[in-house]
Amino acid sequence: MIRLFLSGDHPQSRVLAALLLVILVTLAFAPFLFPGTRSLETAARICIFIVLVASYDLLLGYAGIVSFAHTMFFGMGAYGVAIATQRMGTGYDALITGTVAGTALAAVFALGIALFSLRVRAIFFAMITLAIASAVGVLVSQLSGITGGEDGMNIRIPRELTPAFRPFDEPVMGLRITGRHLNYYLVFFSCLIMFLVLLRVVNSPFGRVLQAIRENAFRAEAIGYRVVYYRAMATVLSAAVAALAGAVFAIWLRYVGPATTLGVEIMLDILLIVVIGGMGTMYGAVIGTVVFVLAQNYLKDWMGGASDATSFLPLVPDLLNPDRWLMWLGILFILSVYFFPSGVVGRLRGKA
Amino acid sequence: MSEPSLETRDLTVRFGGHVAVDQVSCAFRAGELTAIVGPNGAGKTTYFNLISGQIAASAGRVLLGGADITTMTVSARTANGLGRAFQLTNLFPKLTVLENVRLVVQARRNRGFNIWTTAFSHHELIDEAQAVLQRVRLSHLAQQTVAALPHGDQRKLEVATLIAMKPKVFMFDEPTAGMSVDEAPVILDLIAEIKRDTTATVLLVEHKMDVIRSLADRIIVLHNGELVADGAPETVMSSAVVQEAYMGKELTDV
Chain A
0 MIRLFLSGDH PQSRVLAALL LVILVTLAFA PFLFPGTRSL ETAARICIFI
50 VLVASYDLLL GYAGIVSFAH TMFFGMGAYG VAIATQRMGT GYDALITGTV
100 AGTALAAVFA LGIALFSLRV RAIFFAMITL AIASAVGVLV SQLSGITGGE
150 DGMNIRIPRE LTPAFRPFDE PVMGLRITGR HLNYYLVFFS CLIMFLVLLR
200 VVNSPFGRVL QAIRENAFRA EAIGYRVVYY RAMATVLSAA VAALAGAVFA
250 IWLRYVGPAT TLGVEIMLDI LLIVVIGGMG TMYGAVIGTV VFVLAQNYLK
300 DWMGGASDAT SFLPLVPDLL NPDRWLMWLG ILFILSVYFF PSGVVGRLRG
350 KA
Chain Y
0 MSEPSLETRD LTVRFGGHVA VDQVSCAFRA GELTAIVGPN GAGKTTYFNL
50 ISGQIAASAG RVLLGGADIT TMTVSARTAN GLGRAFQLTN LFPKLTVLEN
100 VRLVVQARRN RGFNIWTTAF SHHELIDEAQ AVLQRVRLSH LAQQTVAALP
150 HGDQRKLEVA TLIAMKPKVF MFDEPTAGMS VDEAPVILDL IAEIKRDTTA
200 TVLLVEHKMD VIRSLADRII VLHNGELVAD GAPETVMSSA VVQEAYMGKE
250 LTDV
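Protein sequences, first through last, are from chains A and Y.
The first sequence lines up with residues 0 to 351 when you count with numbering that gives the first Met the number 0.
The second sequence lines up with residues 0 to 253 when you count with numbering that gives the first Met the number 0.
What the hints contain is simulated information worked out from the structure, not anything from laboratory work.
Certain hints may be false.
Output of the computed footprint for chain A on chain Y, the stretches with three or more beta carbons under 8 Å from beta carbons of chain A [unchecked claim]: (1) 74 to 80; (2) 97 to 107.
Which chain A residues stay away from chain Y? Per the calculated CB distances, all over 10 Å, these [unchecked claim]: (3) Ala103; (4) Gly178; (5) Tyr224; (6) Tyr229.
Remember, it's a predicted structure, so these values are computed and weren't measured experimentally.
Here a beta-carbon is modelled for each residue, glycine too, at the ideal position from N, C-alpha and C.
Isolated chain A, as found in the complex (with noise of 0.2 Å):
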């Protein structure tokens, strides 16, 4: 069963097989576990960009390709669902519609991009999405009337998946469940759906010829796999998979905007965690998001709490200060990378 669901990628490392059953079952009672607004924001954030580094993980880490357009991919999936809502009116029908065309537009887009420029070398390919990826942004904030510009746009979801929702006249395990958990556990188990499907890809003929590509494209090519077809239906694959999870971010956050989902920053996080969770291994997307997140977004409260507690000594509270955390993160960043070179499920798979 497991082996069936885990299409038998284990994490081959009992360290690393309890992190991610941690990892599991914390997303899955985080409701419960952690009942503040703040902490099922960040729970949800979690589960949205595991798969996002997963589906990029699909790219550069397996088929080895680097792309600058995974952003754009992702913001198509959360405009489709805004788009389509602010047309067609608040309902599922809207959610469902603006997620298939926000995927397919991605779908389609990440085809061209590939069958036209996947041909030159791999740094022209990147240039190629980086500039791509540029012009979509601009077009965004232009194009005001259609995607809000600048602004964004607020989404009107419907009612059971907002807070407003009750369904339980009394709380259930001590907590008064709310459209909001309704929308998050539609978050959880879409974005576990979706990373158990990328697990099987990357295991599943296809993924071993990427890696075969990855490890020597010529000899590929010459045992008989047409490798440019290959490298484009993993860009596409990959864009499909990033655009569902704008679609899912869209529809937790109700609001999508240019900085949100296609900024420059969210594409550098995503490379940031690839990189420290370990590439082409899948797992490493759920390691690196979940260290990135919580640091992204508690670094700077320990960093306060530190400061405080350290009030005593000279310079220390002054490095702790909150406002220095970038810095941390760049440090933990620089320091992952010396020490675990191939990522922390490399290093912990013993590959390091």
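Got chain A; can you put chain Y on it based on the hints?
Using the frame of chain A, we list chain Y on its own:
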């Protein structure tokens, strides 16, 4: 005589002003092992690259089983029965020995675009790969990563992947290059075994004269990109043009 399984007609490639392969016309038939000889820089490997598609021809044609494959991609030529082993070992270094062969079997059986099933559930591919490894006596190393293998075993694996392709035309580019005296016979036995199958066409680039004598049915000689001699081994080796152009000098090295 039967229809040639592989043929080149006026095959030419120019790099700038330099003509690396110059109007080479030659037909290869099933059941025949042809050795391609010539001094370094004669264009032997370039000729191979033109046939298997790694470089594009400037002029001339390549025919496989009578069909024109001159503009076909490398992968399509492989799918049509053209198999090639490379001079410099060219494998997937971080993958296991078994996976290196399994990927070849998977390519031949056209399962590469299967994204829904797990690779480990395709037992038929794994079994076939195992059988090939058994044939080249590498079964005991199936789970090793290629990078950890000694050079001789990597060469054997290279031959194993070629066998797994089940091609109609086998192309070997110096299969024993860099191998020790004890290891080379294993490879040569494998080639001899392939040769016994009368449906196979074998092309062999080789420097070692003893190897050529024991295996070749026919020798063609390339010199400065041109085909200068073609015939039975004893005739070619004794011909004046070959002695002058290349053999005399090269033979003393062996």
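Hint check:
1. 74 to 80: Per the Cβ count (4), the hint holds.
2. 97 to 107: Per the Cβ count (7), the hint holds.
3. Ala103: holds, 18 Å
4. Gly178: Given that every Cβ of chain Y is farther than 10 Å from that of Gly178(A), nearest at about 34 Å, it holds.
5. Tyr224: violated, 5 Å
6. Tyr229: violated, 7 Å
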